[in-house]
Amino acid sequence: MSTRQAALSLYRRSLKLALDWAVHRHLWRGQALYIRSLFEANRHVTDNRQKRELLAQTEKLLVRWKHPEPYVHPTAPGGSFPPLRPAHCSLSPDTLTTYAGSKYERNLPAPILDPPRQLKF
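All residue numbers for the sequence shown refer to the UniProt record's numbering, where the first residue is 1 and numbers rise by one.
Hints were generated in silico from the structure; no laboratory data involved. None of the values given here were measured: they were computed from a predicted structure. One thing to keep in mind: the hints can contain errors.
Lysine-lysine pairs mimicking DSS-like chemistry, simulated, CA-CA at most 27 Å apart [unchecked claim]: (1) 51 <-> 120; (2) 51 <-> 16; (3) 16 <-> 60; (4) 66 <-> 51.
Kindly generate the complete structure, drawing on both the sequences and the hints.
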């Protein structure tokens, strides 16, 4: 991976890490601007040794500031929101609340149900 790709990856990871600490976007925006200014300040560094040192320092900071319980969106896998009754799941309430499913299971098409029978009067 080139240093440019590594720096972009670190920038993105640092923004996501900041979002773990400040869940609301209006609180996060100020932190994002500060992170951007830190990366912009070192944008024109040309020495490869100094670039590697900066990347290593940033990695250490990300490890140091890692959130113990990162924010997970409720509808994401591992989130707190229960799924809407998957086709292959039984209807018992305990399985509905503990079912997580993989990304392939969540993207299954909805089951095709036969239309109700016509009532004859």
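Quick rundown of the hints versus the structure:
no.: 1; hint: 51 <-> 120; result: 79 Å, violated
no.: 2; hint: 51 <-> 16; result: 22 Å, holds
no.: 3; hint: 16 <-> 60; result: 16 Å, holds
no.: 4; hint: 66 <-> 51; result: 22 Å, holds
Going down the numbered hints, you'll see the structure goes against just number 1.
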